[in-house]
Amino acid sequence: MLTNAILSGLTMGGMYALVAMGLTLQYGVSRIMNLAYGEFVIAASFVAFLLFTSGGLSPLVSLLIIVPAGFAVSYLVYGILLTPLVRRARSREALEADSILSTFGLLFIVQGLMLVFFGGNYTSYSYFNTPVQILGTTIAANRLVVLGFAVLFGAACYFFLMRTRTGVALRAVAVDPIAAGLVAVDVRWAAALAFALGGAIAVTGGVLVSMFLTFNANIGVVFTMKALIVVIMGGVGNVAGALAAGIILGLVESFVATFVDPGLTIAVTYAVFLAVLLVRPGGLFGTAK
Amino acid sequence: MKNLSKLRLSYALCAASLALIAASPALSQESVRIGYVVSKTGANAGGATTSTIPNYELWVHEINEAGGIQVGDQKLKIEVVEYDDRSSSEEAVRAVERLATQDKVDFILTPWGTGNNLAVGPIFDKYGYPQIAGTSVTDRAPDLAKRWPNSYWLLGTGGSYAEGFVDLLVKLREEGKIGDEVAMASIADGFGIELSTAGRTALQENGFKLVYDQTYPLGTQDLAPIVNEVKALNPDVFIAFSYPPDTLGLTDQARVLGFNPKIFYTGVATAFPLYKDRFKDAANGVVSLGGIDPNDEKVKAYIAKHKEVTGKEPDRWASFMTYAGLQALQQSIEQSGTLDKEKVSEVLRTGTFDTVLGNISFDNENRQVPNIFTVGQWQDGEFVGLVPTDKEGSGELVFPKPEWPAAQ
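One line per chain: the protein sequences are A and B, in this order.
Read in order, the letters of the first sequence correspond to residues 0 to 288 in numbering that gives the first Met the number 0.
Read in order, the letters of the second sequence correspond to residues 0 to 407 in numbering that gives the first Met the number 0.
Mixed in with the good hints, there may be bad ones.
[Said to hold, decoys possible] Heads up, incomplete: computed chain B residues facing chain A, CB under 10 Å, no partners named:
#1 Ala47
#2 Ile52
#3 Gln220
#4 Ile225
#5 Ala281
#6 Gln330
#7 Gln334
#8 Ser335
#9 Phe398
#10 Pro401
[As the list claims (entries may be wrong)] Pulled from the structure, derived: some chain B residues nowhere near chain A, Cβ distances all over 12 Å:
#11 Thr40
#12 Gly46
#13 Gln69
#14 Val70
#15 Gly175
#16 Pro224
#17 Arg254
#18 Val255
#19 Leu273
#20 Arg277
If you are wondering where the hints come from, they were derived from the structure by calculation, not from laboratory data.
Idealized CB from N, CA, C, for every residue including glycine.
So that you can see chain A by itself, here it is in the shape it has in the complex (with noise of 0.2 Å):
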């Protein structure tokens, strides 16, 4: 029972953290609280679902062409949607708020295009479902896939952002983007970058999830919702705090589903995150202003 737990709430908290890492990404550099951001992540399935059963594409195949996409697609948003309200924010506050109203905005065209072209049915396909055993226990595939991916992803980003150049002109800007400007980093540049990285990073999860989980088009706002909590309780802008914090909550629900009461996960949720905060108010990996 206890080996049931630990691998469920592993598989479910890599998916977490997962999804967490993109909006992690956009909210910490770019400073855009996309509320749109679970949206990306149902479009994605959909996409996925609809290469998978007419085309016959495995999802897995499919992220070679869905992850650039999505980085395209997230790279235009910021282009044309939210630079000029980059452009016309005085402070960093002010750019928070214009971008959480347009990203609502956003929000209702992406689900309305999704209702469009697929309707408001609940979809579901099977695929790499096969079950596998593991330390004397029993696990879909599909979930040892997703964990595999957030823990590849979170490396690769943890990676990229402290190893490389653009890695730390990234972080500076996350930091203070004013003094990142004088030191000659192209802070408009690197905030589109991120958001980008983090709109690939969404789709990916999108890909992910829908090997296992029905959806439909309105769902996307649960993944907003999960993703912020896990974004916050690891410290905006860090990934090694969304990939922890994603983990946690995903091992914190199993654990009370399997010995408590399945009822109260949600509630223990709010809890530990509630707590996280009044301990440490930056979030886990975050550092107090």
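Fit chain B to the supplied structure of chain A, relying on the hints for placement.
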């Protein structure tokens, strides 16, 4: 907040333009004006686009293709005014009020779901529109039928589903096929609460032992812990009063984790074509609410027509009630020969109608269809009605549930 008010404004403009389009040709009665409010977006959209919207479209299409409804000596085509309630009951109430007072439609079709139908009940009643609910399961149906005399509750009460299923279990136990131990999981929301309460009472009254009895919140994505725990208890019977995403999730996890009780029962969406498409052979033997007689000619014709017009099959539960309700409305308009709401209601209350559910009449205390299938089972690609066992066309339970087939 500026954007928010703009949003409101654009909704209002949309509504106004819709109303204008709809209102212009209605000077003399050249058509029957039918209005409806359904959840095209929001949390309810999944259910509404499966059971409600396709049937409304099919019905309107069929009538208009045949030249219209016979009202007295005229044949009138249907003109539709529709609104989206965005899965909010406040919005549904407002829109129904608008249909009644501004659009002045002749009849209003009901919204999707138990909650919204309870919410709009007083408005239907206030303006004297018959409320024929095809997607509401509530134990209060008999009270509501008294309070709102023009309301009809085709899907019956939660109790009838739970009791029908427990009767089946009692019979199996008498035959020595199952023991006393039952595990039950339910969603902590309207349907799950109502059904699990009724189920718990019926199970305990009949001396069953609930070895697992837990609820889980709306939007639970990880169902593996529940299945793992229940599997360890090894009950003969597993019941889940679940919503569509968790119905699929629980089935999926049970299959992956190799949990195969003798009776495996899941909730809403088990009878959806989605379930069959998703699980194919693995659906065989799964028990749930609803069911049909697959050999009935009317049922076959309805499924074929539904597929032809809307491009997909109907679900094997609420779609049938919804469509039967529409057929009853149409026939009562034709029999009364008028669009007068009161006269049509009179016929609805007392008449007998030839529908996809057979010949039905609402002439009873609680304004329900007597004798609908409450328990069904997937058997070779069809969801066959089992209980009530004395109902014509009811099938035999396949027992025990076959092994889950190897991975797809």
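Results of checking the hints against the structure:
{"no.": "1", "hint": "Ala47", "in the structure": "7 Å, holds"}
{"no.": "2", "hint": "Ile52", "in the structure": "8 Å, holds"}
{"no.": "3", "hint": "Gln220", "in the structure": "6 Å, holds"}
{"no.": "4", "hint": "Ile225", "in the structure": "6 Å, holds"}
{"no.": "5", "hint": "Ala281", "in the structure": "9 Å, holds"}
{"no.": "6", "hint": "Gln330", "in the structure": "30 Å, violated"}
{"no.": "7", "hint": "Gln334", "in the structure": "35 Å, violated"}
{"no.": "8", "hint": "Ser335", "in the structure": "35 Å, violated"}
{"no.": "9", "hint": "Phe398", "in the structure": "25 Å, violated"}
{"no.": "10", "hint": "Pro401", "in the structure": "17 Å, violated"}
{"no.": "11", "hint": "Thr40", "in the structure": "6 Å, violated"}
{"no.": "12", "hint": "Gly46", "in the structure": "9 Å, violated"}
{"no.": "13", "hint": "Gln69", "in the structure": "33 Å, holds"}
{"no.": "14", "hint": "Val70", "in the structure": "33 Å, holds"}
{"no.": "15", "hint": "Gly175", "in the structure": "31 Å, holds"}
{"no.": "16", "hint": "Pro224", "in the structure": "4 Å, violated"}
{"no.": "17", "hint": "Arg254", "in the structure": "8 Å, violated"}
{"no.": "18", "hint": "Val255", "in the structure": "4 Å, violated"}
{"no.": "19", "hint": "Leu273", "in the structure": "6 Å, violated"}
{"no.": "20", "hint": "Arg277", "in the structure": "5 Å, violated"}
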